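**Student:** Okay, here's what each chain looks like letter by letter:
2 protein chains.
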Amino acid sequence: MARLVIDAVGGDNGLAPNLEGAALASREFDKDDELIIVGETEKARKYIEEHKLDIKINHRFVDAVNNVTMDDSPVKAVKEKDDSSISKGLQLVRNREADGFFSAGNTGAILAFSLVKLGRIKGIMRPALGTVFPVGNNPLILDVGATPDVKPEMLYQFAIMGSEYCRYSMGIDKPSVGLLSIGSENSKGSMLSQKVFDLLNSDNRLNFYGNIEGSDFFENKVNVIVCDGFTGNVVLKFGEGMAKYFKESLKGIADTSFKAKLGLGIAYNEIRKFFNTVSYDEIGGAPLLGVDGISLVGHGKSNVKAITNALKNARRLVENNLIKHISEHIEQRSFSEEG
Amino acid sequence: MARLVIDAVGGDNGLAPNLEGAALASREFDKDDELIIVGETEKARKYIEEHKLDIKINHRFVDAVNNVTMDDSPVKAVKEKDDSSISKGLQLVRNREADGFFSAGNTGAILAFSLVKLGRIKGIMRPALGTVFPVGNNPLILDVGATPDVKPEMLYQFAIMGSEYCRYSMGIDKPSVGLLSIGSENSKGSMLSQKVFDLLNSDNRLNFYGNIEGSDFFENKVNVIVCDGFTGNVVLKFGEGMAKYFKESLKGIADTSFKAKLGLGIAYNEIRKFFNTVSYDEIGGAPLLGVDGISLVGHGKSNVKAITNALKNARRLVENNLIKHISEHIEQRSFSEEG
Numbered sequence: 001m002a003r004l005v006i007d008a009v010g011g012d013n014g015l016a017p018n019l020e021g022a023a024l025a026s027r028e029f030d031k032d033d034e035l036i037i038v039g040e041t042e043k044a045r046k047y048i049e050e051h052k053l054d055i056k057i058n059h060r061f062v063d064a065v066n067n068v069t070m071d072d073s074p075v076k077a078v079k080e081k082d083d084s085s086i087s088k089g090l091q092l093v094r095n096r097e098a099d100g101f102f103s104a105g106n107t108g109a110i111l112a113f114s115l116v117k118l119g120r121i122k123g124i125m126r127p128a129l130g131t132v133f134p135v136g137n138n139p140l141i142l143d144v145g146a147t148p149d150v151k152p153e154m155l156y157q158f159a160i161m162g163s164e165y166c167r168y169s170m171g172i173d174k175p176s177v178g179l180l181s182i183g184s185e186n187s188k189g190s191m192l193s194q195k196v197f198d199l200l201n202s203d204n205r206l207n208f209y210g211n212i213e214g215s216d217f218f219e220n221k222v223n224v225i226v227c228d229g230f231t232g233n234v235v236l237k238f239g240e241g242m243a244k245y246f247k248e249s250l251k252g253i254a255d256t257s258f259k260a261k262l263g264l265g266i267a268y269n270e271i272r273k274f275f276n277t278v279s280y281d282e283i284g285g286a287p288l289l290g291v292d293g294i295s296l297v298g299h300g301k302s303n304v305k306a307i308t309n310a311l312k313n314a315r316r317l318v319e320n321n322l323i324k325h326i327s328e329h330i331e332q333r334s335f336s337e338e339g
Numbered sequence: 001m002a003r004l005v006i007d008a009v010g011g012d013n014g015l016a017p018n019l020e021g022a023a024l025a026s027r028e029f030d031k032d033d034e035l036i037i038v039g040e041t042e043k044a045r046k047y048i049e050e051h052k053l054d055i056k057i058n059h060r061f062v063d064a065v066n067n068v069t070m071d072d073s074p075v076k077a078v079k080e081k082d083d084s085s086i087s088k089g090l091q092l093v094r095n096r097e098a099d100g101f102f103s104a105g106n107t108g109a110i111l112a113f114s115l116v117k118l119g120r121i122k123g124i125m126r127p128a129l130g131t132v133f134p135v136g137n138n139p140l141i142l143d144v145g146a147t148p149d150v151k152p153e154m155l156y157q158f159a160i161m162g163s164e165y166c167r168y169s170m171g172i173d174k175p176s177v178g179l180l181s182i183g184s185e186n187s188k189g190s191m192l193s194q195k196v197f198d199l200l201n202s203d204n205r206l207n208f209y210g211n212i213e214g215s216d217f218f219e220n221k222v223n224v225i226v227c228d229g230f231t232g233n234v235v236l237k238f239g240e241g242m243a244k245y246f247k248e249s250l251k252g253i254a255d256t257s258f259k260a261k262l263g264l265g266i267a268y269n270e271i272r273k274f275f276n277t278v279s280y281d282e283i284g285g286a287p288l289l290g291v292d293g294i295s296l297v298g299h300g301k302s303n304v305k306a307i308t309n310a311l312k313n314a315r316r317l318v319e320n321n322l323i324k325h326i327s328e329h330i331e332q333r334s335f336s337e338e339g
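Here the protein sequences line up with chains A and B, keeping their order. The first sequence begins at 1 in the working numbering and counts up by one. The second sequence begins at 1 in the working numbering and counts up by one.
These are calculated hints, taken from the structure and not from any lab test. Fair warning: there could be bad hints in the mix.
Any copy will do: because identical chains look the same in the list, a pair fits if it lies in one copy or spans two.
[What the hints assert, rightly or not] In silico DSSO-like pairs for lysine-lysine, Cα to Cα no more than 27 Å straight-line: (1) Lys244 - Lys261; (2) Lys76 - Lys237; (3) Lys301 - Lys312; (4) Lys79 - Lys188; (5) Lys301 - Lys221; (6) Lys305 - Lys273; (7) Lys56 - Lys301.
Please read these numbers as outputs of a predicted model, since none were measured by experiment.
Assemble the whole structure, with the sequences as input and the hints as a guide.
**Tutor:** Next comes the structure, spelled out in structure tokens:
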């Protein structure tokens, strides 16, 4: 049984994808699951009625203000917007009225509210935001921005959390974990990454692969890629920028000659299909790991499919008791802030 | 007048591209320039004779052993291979018999030998390896791997060196400098990047743009991108991996249907042309900045064009007195290792 909160007003496209996604996801939920739709209740009810959406499980509405913009700083949001859908939604998880939360709203604000409302899992030093890389074997990368300044033991904890997430979200029994570095040998890398290498190597509950390099994101070598939040964020955004650059370049190539335009026109559908597979719609949201509750973040541009997948993922993580598993793995080691 | 050393045996393809590149570059050199061809002299002479290469400027041969493999560790190379072409070539620069050095050999070994033979420019804390990113406005990124562990003042020095390189290699009068970070505002980023931001902001000889993010590599925002050698190396290799992935994906798309194959076949030449422009052949080698002499590194796969451009670039840097300009800019500030 899972009780899930959806931020109905989160994301660039407002109610529509959130409510449509909720309805679609509910088809695959159990009878005793529950959905709590947080946001502008009146508008949400109206949308559901007008569009004849059928949410097939128990659901209820909680009214909240749609006032966290995509540009709000996390600090500002937490200080001034406690009446927001993000805040109220996470409060429901905190109060044990719900088991998981999803929002396609402002990532920084969701991170900040999650930390404030849910707190950290006992023993966890810092949270990590993970994201599934939509190519190849879909590795999970963490952290991609929650914790830019890390100590070795934090990265070790990210590896544990990523490994458990991979197991309980994607059903991979012994996910392999790679440490992002700048050389494949143990002796290569920064002082930080060399220390982390030894920590990861010392935990036989982890399936540690060793160092991986930037190019290995595309080589299906590991299921989990561990890095600090600074490097992870830079790489993630670099990848988005490069994908956009390639798409635009193909358009540019089509403009260079009649032959190119003709050829790319003929292949257009297949090219489009390829770019659709390399998309974040399938990944089920980005998990904020380390907080004491399921909290998933969606891209601001999330469409119905992305929302549907995120809710199904949230349900899976609740059912599989992700938080308990992380907690148990963490408890077996003692950590010090000194790292 | 420039006296340049070429490592005739550096790179995956041995003598051929190095000697062909030298001959081609020499056409654009002055009569009083000199080329010193370091490597297996007998074989080199034979190649030049057999292929009727015309090296149009003064040149001489220095015999050396071709024994630094692409897999040798820098430490091993420096310890055991002082008779190598890399070592002997850099020794010529050290002895003031030459003004600049280029090799397409083992990058780590070239870095290590450059440091040992040339030493650092007075005041420079750590060296940085720069590389010109072959898209858009061709920004220079540094460091891409020479110094993975940095302090704020090191990054500040990288900005100075990158800015001077951009000026004297590419002729950009006031190159704009961006600091790679994970948010555009000053307050965003790691503790390190926030400190570097203030340092860059304080030097009015730098044209400091502010923070840039991973996606901005493709947006033509700045001429120089400053980052630590860990992040820079990860991003560089990620970009190489992603470019390869896209190329292979296009081939994969062609295999999905007859229509796709036909279309991409028709557009093939233009697509190939595009990928040829996004190449490192044009960038003139990767400069190792901070050592007391011109030292350029080429990709192991460097072809004739890449070698030609690297030698022309080396000559430009000598003629324009890059080392003196870096030295003067650095001298105006005082740096402490404490950063």
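**Student:** It remains to establish, for every hint, whether it holds in the given structure.
**Tutor:** Checked hints:
| no. | hint | verdict |
| --- | --- | --- |
| 1 | Lys244 - Lys261 | both (19 Å within a copy, 23 Å between copies) |
| 2 | Lys76 - Lys237 | within (24 Å within a copy, 37 Å between copies) |
| 3 | Lys301 - Lys312 | within (18 Å within a copy, 47 Å between copies) |
| 4 | Lys79 - Lys188 | between (43 Å within a copy, 18 Å between copies) |
| 5 | Lys301 - Lys221 | between (29 Å within a copy, 24 Å between copies) |
| 6 | Lys305 - Lys273 | within (15 Å within a copy, 37 Å between copies) |
| 7 | Lys56 - Lys301 | within (25 Å within a copy, 59 Å between copies) |
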